[in-house]
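K.L.:
Spelled out, the chains give:
8 protein chains.
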Amino acid sequence: MVFCQGKTTEQILSILRLMRERHATVLATRASEEVARAVQEAFPEAEYNPRARTLVIRSPAAATVVHKDHTVLVVCAGTADIPVAEEAVVTAETMGCHVERLYDVGVAGIHRLLDHSAQLASADVIIVVAGMEGALPSVVGGLVHCPVIAVPTSVGYGASFQGLAALLTMLNCCAPGVVVVNIDNGFGAGYFASIIVKKS
Amino acid sequence: MVFCQGKTTEQILSILRLMRERHATVLATRASEEVARAVQEAFPEAEYNPRARTLVIRSPAAATVVHKDHTVLVVCAGTADIPVAEEAVVTAETMGCHVERLYDVGVAGIHRLLDHSAQLASADVIIVVAGMEGALPSVVGGLVHCPVIAVPTSVGYGASFQGLAALLTMLNCCAPGVVVVNIDNGFGAGYFASIIVKKS
Amino acid sequence: MVFCQGKTTEQILSILRLMRERHATVLATRASEEVARAVQEAFPEAEYNPRARTLVIRSPAAATVVHKDHTVLVVCAGTADIPVAEEAVVTAETMGCHVERLYDVGVAGIHRLLDHSAQLASADVIIVVAGMEGALPSVVGGLVHCPVIAVPTSVGYGASFQGLAALLTMLNCCAPGVVVVNIDNGFGAGYFASIIVKKS
Amino acid sequence: MVFCQGKTTEQILSILRLMRERHATVLATRASEEVARAVQEAFPEAEYNPRARTLVIRSPAAATVVHKDHTVLVVCAGTADIPVAEEAVVTAETMGCHVERLYDVGVAGIHRLLDHSAQLASADVIIVVAGMEGALPSVVGGLVHCPVIAVPTSVGYGASFQGLAALLTMLNCCAPGVVVVNIDNGFGAGYFASIIVKKS
Amino acid sequence: MVFCQGKTTEQILSILRLMRERHATVLATRASEEVARAVQEAFPEAEYNPRARTLVIRSPAAATVVHKDHTVLVVCAGTADIPVAEEAVVTAETMGCHVERLYDVGVAGIHRLLDHSAQLASADVIIVVAGMEGALPSVVGGLVHCPVIAVPTSVGYGASFQGLAALLTMLNCCAPGVVVVNIDNGFGAGYFASIIVKKS
Amino acid sequence: MVFCQGKTTEQILSILRLMRERHATVLATRASEEVARAVQEAFPEAEYNPRARTLVIRSPAAATVVHKDHTVLVVCAGTADIPVAEEAVVTAETMGCHVERLYDVGVAGIHRLLDHSAQLASADVIIVVAGMEGALPSVVGGLVHCPVIAVPTSVGYGASFQGLAALLTMLNCCAPGVVVVNIDNGFGAGYFASIIVKKS
Amino acid sequence: MVFCQGKTTEQILSILRLMRERHATVLATRASEEVARAVQEAFPEAEYNPRARTLVIRSPAAATVVHKDHTVLVVCAGTADIPVAEEAVVTAETMGCHVERLYDVGVAGIHRLLDHSAQLASADVIIVVAGMEGALPSVVGGLVHCPVIAVPTSVGYGASFQGLAALLTMLNCCAPGVVVVNIDNGFGAGYFASIIVKKS
Amino acid sequence: MVFCQGKTTEQILSILRLMRERHATVLATRASEEVARAVQEAFPEAEYNPRARTLVIRSPAAATVVHKDHTVLVVCAGTADIPVAEEAVVTAETMGCHVERLYDVGVAGIHRLLDHSAQLASADVIIVVAGMEGALPSVVGGLVHCPVIAVPTSVGYGASFQGLAALLTMLNCCAPGVVVVNIDNGFGAGYFASIIVKKS
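Chains as they are written, first to last, in the working numbering: chain A, 1 to 200; chain B, 1 to 200; chain C, 1 to 200; chain D, 1 to 200; chain E, 1 to 200; chain F, 1 to 200; chain G, 1 to 200; chain H, 1 to 200.
Quick caveat, the hints were computed from the structure, so don't treat them as lab data.
Please note that the accuracy of each hint is not assured.
To be verified - Derived lysine to any residue pairs resembling SDA-like cross-links, with alpha carbons at most 20 Å apart: (1) E:Lys198 x F:His145; (2) B:Lys68 x B:Ala118; (3) G:Lys68 x G:Arg30; (4) C:Lys68 x C:Leu102; (5) H:Lys199 x G:Ala118; (6) D:Lys199 x A:Leu143; (7) G:Lys199 x H:Leu120.
To be verified - Partial pick of chain B residues on the chain D-facing surface, computed with a CB cut under 10 Å: (8) Pro44; (9) Ile82; (10) Gly156; (11) Ala159; (12) Phe161.
As the list claims (entries may be wrong) - Now the in silico label distances, taken between C-beta atoms and shown as ranges: (13) A:Leu18 x B:Ser117: 55 to 65 Å; (14) D:Asp115 x G:Glu10: 42 to 52 Å; (15) C:Lys198 x A:Asp104: 26 to 36 Å; (16) G:Ser14 x H:Ser200: 56 to 66 Å; (17) A:Asp104 x B:Arg101: 48 to 58 Å; (18) H:Arg51 x A:Glu45: 23 to 33 Å; (19) F:Met1 x E:Arg101: 29 to 39 Å; (20) F:His111 x E:Ala121: 42 to 52 Å; (21) C:Arg101 x A:Asp104: 34 to 44 Å; (22) D:Glu10 x G:Glu10: 29 to 39 Å.
Backbone N, C-alpha and C define an ideal beta-carbon position, used for all residues, glycine too.
Just chain A, with the same shape it has in the complex (with noise of 0.2 Å):
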């Protein structure tokens, strides 16, 4: 994996040129367009995903394992988190598990979620993405008994102070069972969770 951001493309290149000897497939995180077309001039394989802002370069022969009979659930809160859960969908399918989405549930419309309560129940591990108040993980974390991987995003105004109010209240999580990554950090669950998936 390659965290492009505070790198400039000619040290992003010739990073994925020293990881593309060694790995079969390489993950590039905060890509921006920019960096997206020298990637893809330099490797044409490479997919772009604009939303999750993520670049995969893959060997045509690497058939990616998928750890089917488990399931990763993504739930986001609302539209502007997208962007953080995409990037955590992308990174978990990577890594070969099978992820579902479960996107637009904010707490201020509790039965938008309560309404999923079986797809919830039948995931095996659960990443929640939400900004400014960030209180959708100790609602996930109260209904399932998986675990429950929680995100908070830099997405809000005034006092959510780029994220921070989010990532407190997911790390004062009432809820038993939640666990908490940095602002923004979609890849960072998204890895932990495939982790999970292949322990078990």
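Mind docking chains B, C, D, E, F, G and H on chain A? Use the hints.
P.N.:
Relative to the frame of chain A, chains B, C, D, E, F, G and H by itself:
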């Protein structure tokens, strides 16, 4: 009303004497047991509520006019939030409101809250008291159409930072119709609910 | 209502189309001029208020029922706070309130405020918008008996920390009857004022 | 589970009685010695662990099913972090996990940690408890492929700001596969580890 | 002047002995009752003001020259702010100023303040002491043309953050002619007022 | 005085027109070059100081009465602090003060400052402008007996946190006789110095 | 070395026994008087320095090699900073350094510091201990060419925020050649000074 | 040395001219490419290092005395930290040190660091540059006996808070022998390393 914290017992007594001359009913909040004893010695009619840490001094003649047609519902997330919730209850009752309680319905067990949907829907003003992640007002705010007053409490540990986490959560509440008062300010919430009821 | 900030123009348009089917009136806040142009192309009846950065889409048939007997007064400290105040005004008007404005009455010239004592006294709900030190709600709250909704703004520099100073001031307000919404949240204040008026 | 901090002894006892009726095993955390004495009087079978400040009440019939094939390894940086580590140990054991301890292996003496590479590699889930700079999870996360749960502690002084420094360190962990819980939340880490093990 | 807080009684006594040799008048601030007793034993002429927590040791010969033509007015918002206000009063008086008090005129009851417009207008320097939201200096600063020294106090709870809220309010004061000293620094304000008076 | 930041050019022009009618001299601060051009078109007599970012509009008849017997000394630590220092200079001069400058005398080269001991000793009021660690007012305050007004600037990087470090330094100044204004508030310091001089 | 704070007396004793076997000299810091008594009972040769709160246990045979040609100078701003300064002194001496003290030379009386210019100039490493605004290292750093280690202390009140203000000041020090350790970390400064001296 | 950030190109040029007259070698840091071009036009001998953003102007006659017997080792955690590391390298080299680099050895891959144990052990001073969680200095500090200078960088996102997380980590470092400079202050670290080397 008198806020006792930070004042000496003598200061409190002399303020109470002044107010007693002018008003039929006087409310003192944040009264320690020591203060309560001194006040009850001076004003034998003073009622002390040790959970709410409130003192109410009322003229025998002062028949409290209760606004029976309107209900202030005080909702509280956890056992440790009860003192702040009770301060809100006593304040609203002292100001003539009809008050109902709905305690221990934190978001980690959302169905306990949803079981009381009818009670929530019939309230005219709702006060929601919560510490730790403070997510309850977001859920309540999404379920009702009446004004919701959110009270963060200093209940919690670690990254709750003495109520800061709950405060930020409530300020960033994505449900409209939710306003916030200071950390542990049950009095402020009860007072505000009362003036809404009086307007009706 | 749609909060435009952080959403793409396409996302906003598709949300507006969905909401338009269900509601006679739709309000969009934090709409940039670019968003406004795109929305007005799709919905020619949309009215854009550039100061408030709001878009209102209303069915010709939708005669707004105005609650004429009740007045929401929007008070604002300085010139730079006007955009947030206007967001509150547009929100409350769209929800059927009779709204009055009292602008540029900051606490440093207290007599400008006191000259409007009658207008303050006759309001049913007051929204007070202020940046920098955010002291205006404390003074207004001490002058009236109706509910006061305080809106801190991000106006200021240095130790205002993008509205944090005003927010803390308002949360610590020593006048009872004052509640607070998020920094720059004119919409939240206007919405809350409307549901109080509707309760009356 | 019962979180004792912030509750009165009476509240704790009445909650325990309720839970005891429904569950074969009950765990209480953050129990002071005073609380422990009162609980042991009411429930003579209660086991108190003074280092972890936990109380476990177990039915004689309740044969704990231990997941022997999976190991939860609790790693701890310094002597002062042991109480939090022990809270994690007791929680995971109470929930039926096989738990191992690896204590006093802070990053300032990296070879003490590396001497246990085999133990680290064979664990199924690792809980890493650290205060002060909280760097241990980053190193452990880089050495293993299993899920790592990082627990910042309030151990430290000065710029540790009661665990904030360790918390931020862990959230910014550059090793993937590391998630974080609240400061001093040994219980949360133990619980989360258990549900991963149960999934396996 | 000696700042007693954080020093042992012995250190204070030895510093006072040194200063006493060189100066006709010595002022010690933040003196606890225990320190006061020890100092009065050593210096029987020491006057202790328990509200201000100050000790003044003066030579019988030291006739304090009072600047009678100039008035330092110490204004204070609430009862709990009085100790800090008194520290300012004692400091300015010890340095030879004519001092007047105007206490308990917080902004929530603005008319109590305005009733003393003449006294405010005739002052040469005004010290304004306020905790909680700390809004009083903004109002006073708008009413007068003389220098205003604002003293935030640690009075308050919750989001007052031990005086931080009041401090930020005062630093962002939109009235010109207002400067700020440290939280609870009544001494600093009294001293600064004195050197302005001496310049005149 | 007009604070231009956060206002549109049109708002600034209309405020200036109003003020121009009432006052012989008008000062506008934080004026960008774009604002300056627009103002100078409307008021050809307006003088723009690009370093201080100030505009002064003065009636030809308005002979500024200069208080020649008193000197305001503006001291500044580094080159990057000069814009704030100049804002103080222009403000004090516009208000009729005799102003002297002592620039580039930061504490890291204490002898440059001490070389000007006589100039420091002869000043009636001193304004000290400093960013980064903001230590200069502490040293100056210890060298003189006149009032010292400290102005923290947002100059610095990293842990200067946009002037917060300098602000805290100045508030904790152990030299008595030092007061503080908001970060980058050269105007406030110049204004305050002027009213002290006018009192004299 | 053993850091006693946060450890039980038994833990400290067992760590000391282990270390005593391996090392001729052992240093324990942050030792309360209670801890000291217990340690001196177990190790009668232990020397307790109550001001520094340190315990030194030394083999009679352990002739401390003093690096006589190099001087570590410990400079301290105020009386209340002495305990931290002494911790640095004891640490450096225990590690074999020749240490000199220069106490009570805060920046508010810069000439007291300058009177010792020769002593400053002849030092090989300087440790500067200061609380409140923490400005002393900036001045010292500008006077000398040797390494300066700055130690912020938690001495102060209000906006010193338990040493945060001094810490930020020192991190933003504009004099080159100054580095910083944690708040109150006299040990760290003494240790670092020693390894510089040993390198020489 | 000249710190270019926050200064105009003209100010930089005039400072460089002054310094050039007095010193054989001048170093300018934080020089943008635009500044670099202007300086190289005025001083054709100026060498610009775009990664380090440094300019070095050296007299042809100025034979740099290199302290060959002592090595300053600059260690850096990730690719994005290189600019700060290079600033340290250029500074130390300009001051006559022999410098070695050890880049891209972050704690998440501890064996890359341990593979260079010999290089670490043979260094005389080590500068460790790291962003995100900033854990590298703790590990390095535990491996070596020489002075370690930790430089936090602003590299990271979310809860890294522009380098605050790394800064706190390094200040709380449990390995002795580690000191800290400001965020991104490669110059300060390089300078401090040089004066240690010169002392030797």
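K.L.:
Looking back at the numbered hints, which does the structure fail to meet, lowest number first?
P.N.:
3, 8, 14, 16, 17
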